[in-house]
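> Going line by line, the protein sequences match chains A and B. Counting from 113, one number per residue, gives the positions in the first sequence under this note's numbering. Counting from 16, one number per residue, gives the positions in the second sequence under this note's numbering.
Just so you know, the hints here were simulated from the structure itself, not pulled from any lab data. Any given hint could be a false lead.
As the list claims (entries may be wrong) - Part of the chain A face toward chain B, derived, beta carbon under 7 Å:
1) F299
2) S351
3) I412
4) I445
5) P508
6) V521
7) Y527
8) S550
9) F554
10) V593
11) S608
12) L609
Even for Gly, the Cβ is constructed at its ideal location relative to N, Cα and C.
The primary structure of each chain is shown beneath.
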Amino acid sequence: MSTSDGYILLILTGLPFVAALLLMLTPSRERTAIIAITGLSSFVMFALSVYVFQRYDWRSTEQFQGVLAWDWLQNVGFLGEHGIQIKVGIDGIAASMVLLTGIIVMAGTWVSWKVRQRTKDFFILLYIVVGGVYGTFVSLDLFFFFLMYETAVLPMYMLIAIWGSTRKEYGAMKLMMMLVAASILIFTGIFAIFTEANIGSFDLTRLYTAHYSREMQIIFFPMIALGCGTLGGMFPFHSWSPDGHASAPTAVSMVHAGVLMKVGAFAIIRLGIQILPEGAQFWGPALITVGITAALYGAISALRQTDLKLMSGFSSVSHMGYVFMGLGTMNVIGMTGSVLQMFAHGVMTALFFLLIGAMYDQSHNRDIPNFSGLAHRMPMWAIFFVIGSLASLGLPGLSGFVAELHIFVGAFRAYPIVGGLAVLTAAITATYLLRMMSQMFFGEFNTRWDMLRDVTWAERAGATVLVLSILAMGLWPSPWVERISTTLAQTIPGVSL
Amino acid sequence: MSMAMAGILIAIPASIFVLLALTWKMLPRGGDFLVVLGFLAVWLLGLGIAADFTKYFHEGVFAPNGANAFAFDWINIGDGLFHIQFSTWVDSITVVMIVVVTTVALMVAIYSTGYMRGEERYGWYFAALSLFVTAMLTLVLSGNLLQLYFAWEGVGLASFLLIGFYWERQSAAEAAKKAFITTRVGDVGLLIGIVLLWREAGTFDIQQIIEFAEHGGFNSTYLTVSMLFLFLGAVGKSAQFPLHVWLPDAMEGPTPVSALIHAATMVVAGVYLVARMMPVFDVVPAAREVVLYTGLITAVMAATMGLVSNDIKRVLAFSTVSQLGFMFVALGMGAVGVAMFHLLTHAFFKALLFLGSGSVIHATHEQTVEHLGGLRKKLPITTWTFCIGSLALAGVIPFAGFWSKDEILHTAMHDAPFAYVVLAATAILTAIYTTRVVLLTFWGEPKDHHAYEHAHESGWTMAGPLVFLSILAVFSGFVVFHSVGAALGFPGGILETVYTEEPELFHFDPVFAATAVGMSLAGIGIGFAYWWGDAQRAVRARAWAPELHALLVNRYYIDDLYQGIIDRVVLGLGGIVAAFERHVVNESGVDGGSQLIGWFGMRLKFLQTGRIPNYALAMAVGVVVLAVMAFRSA
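Bound-form chain A, shown alone (with noise of 0.2 Å):
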């Protein structure tokens, strides 16, 4: 990858801001008009990203790529040389995220078209997550990093508490108060490292380099894995995850679960393990500890939940376990395992999503019991929730086994036990799941569910463009793993294969 495809992370940044703006300067009844700039732009996102993820090289010896620097504020009160920058480049990681985050925007974007209630500004807010997620992958400036990070937390409020269904008040504001109460600590964890390193400047790639003692690494590593973890839906702090995605509209529920809660786990990486890895370390049983609770945790209550947006929810916070147990191995092959998982469950969740909002929208009915036979009426929606089922319960060749597999491996290496658990957890995984679909899909067609149509080709389209995802990664991960674990190995100092 060239510096000159830092213009590119550049334009992906800057392309849904425009896009919002645009948005902004159309009448609202230019439907038309409407879906142009969305379809087109959600499209040009699509294949950047497609772009930078192919262009990136994991063969080089550099692991940040497409570097691009601009000094914005240096040499003035607390600011040394290059103190604040606008400063983009990815590594591996950031390449695996940055296709996420364009495989499922364009998916979303397809999907919300169908959104009657204030079309234009339910877009305008969703565009502006989108940039603020793109911001936060690419950025190399920490205080750009917090930025982006903000500007795609803050519009989830007014998208859930405006466009979302049954207690949308109650979960846009949990949502939003445990966020920003999160955001405190990442803060303070921030100014530590400023601190800290005493090089007068937030440049990432600077702050890799300096010296942390650590006595301060042990105490802010955990400050920002809270932080962070809590937009990850880290347990026990997840629990506004089952809450809000059951009451967001159905693109929000995909770009959160399938982007945003990414954007957490990202961040304890970027902030968290390639800053501040003797903490990493030292805090690593701690995050294993809290990733194998979470995971079987999330799948226990997944069991019992009627509401099929809850059970999705709660299956998230499991899966999301894994990523942190994952991270906390602190070997190359667990933490691997985390960046897979957060792609696969990425683009899993985001068709659960997508799929559970298909049917909700007509029959504005969730609750598991109430339904049987589905798949008589809804046959290609019942074959896309089969596969998304089957992804997230971890079947071979598709995307989710690759991921789990890593991440057993990597536990078994530290932990046999916690290992062990993790597998075990798969299990619960198929059983709830199972129960699901023997429930909903099959047995005798439930006639009150008549008016109920199958997919439309918006949504067909869309649910494709995520199967094919899934099916790519599980057959050939290679391409992931390769970008994913070099960069780990090479960024992260003293971190074991």
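Place chain B on chain A using the hints.
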């Protein structure tokens, strides 16, 4: 023809699956002809590989590794540290499996074109069948454990899809779920076992793990634990006690599927896995003991359950579980060749029996033996082929089942006399329940006249495979003879060819064989005594011990026990956790936290009264306190 052809063997059904899964609605006849032709090609290719394989013996080279022709890296982290390579591995065990899988698959595909005609999702059925064959061939050609796991789950998926083929029926959906979850429990063990082996040996390659184990690389306790975990996978897939519960329910699937997946191929994957890993099991005899006793318990237990089942397919399912138990006993004694021999003959005669029962069901739309009867006049081909299969199962000389079962008994006699006694008793039970099914179905008076009147033999697509398989059920046992093996190009009989680390020359022991045949005939005699004619004696026997009958009919209440555990323990735990989440984490933690802040706000706001005297008083108190503090510090 070379070993590289093994890759094509997988590619053919794989491409048919992709094509059919996407386009079966558009293809004429749902694309069934593609599947039949494809499976024919696979069968010929499989035989070609078997023939090709014999060359290696003549050239004096054993364990030919065709791997390199098809090896590619799937995952490689840290330059070989975590390295998964997809490749094909062909040795004598593989060859036996290829012959079994491709032969039965072809027969089942042909048979299905008749049996499944007119089904709504006819093309999808064939697509799923291709998926199964793809995964099964990948499984038996796997050179490393992770690829094996990959395929292992793949056959599980195909099995799930096909058991649930009639998903509108709640019972079929439930059975598919039960099969998936039960085998998943085993798969958890398998994956743990694989990763544990990797953790020490640093590789997933089976031959390298074997080498590592044989050179004492593993701590023996560690290895025992790993192999037991691995074996748990085999227990789940091969429906052995205590994970046998899914197989009888799996009979909800279409009958040809039962023949292919739940009798001849997928369920023997566990046997294959243990056979494949036998050199490692040899290092830890304790683990092998577990294999032996698991097989023994399953063999006898399943046979007793088969004795009372009224569903023709379920009797065959219990019989399959029991026969798989025989194979595991052989493996437990380290006799890989014997186990693979029984696997081979059993696959043919059990597939025959299942397809025969399918023919009955197709003709009468009835599968409860108590409603059938007298069908021999209506279904002559089915009757006689079913009888051949039954004689093979009962172990009557010279049918195929006799030779392989005799070898297992023979080995047990020397290695584990206790096992011999149990297996001999089971053999008698086998003959009894087989005779019972044959008599109730094909002899006696028809009980359901409506079903009987309309019954007629189906076309050649169904009769052809029955005849072909019955020929195999008669003759396939002869591969045990040195001269037969040699005539086929192998160095000798199957026991000399498979698992050549311990080649055994087959010796025919007339006295021993006579005893075995005597036991089978005794069982058949008992069967006739109880169920011939109007089966009055059987009715009296049931009345004599109703509790025992109930115990067997309810499968020793093991299914109920598991259901209870899931309902009470697992879902109960789920309820507790969900309640904890709702009340403690949510209402007390998060909502409680916000309410606490609100409560403080409520209380503290009264400090702002808006009255000057209150503020003046507070100020005065403050001044005094500060003054006191200032003086003290001074």
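> Hints first: check each against the structure and report whether it holds.
So, going through the hints one by one against the coordinates:
no.: 1; hint: F299; verdict: violated, 20 Å
no.: 2; hint: S351; verdict: holds, 5 Å
no.: 3; hint: I412; verdict: holds, 5 Å
no.: 4; hint: I445; verdict: holds, 5 Å
no.: 5; hint: P508; verdict: holds, 4 Å
no.: 6; hint: V521; verdict: holds, 6 Å
no.: 7; hint: Y527; verdict: violated, 11 Å
no.: 8; hint: S550; verdict: holds, 4 Å
no.: 9; hint: F554; verdict: holds, 3 Å
no.: 10; hint: V593; verdict: holds, 5 Å
no.: 11; hint: S608; verdict: violated, 10 Å
no.: 12; hint: L609; verdict: holds, 4 Å
Comparing the model with each numbered hint stated earlier shows that hints 1, 7, 11 do not hold.
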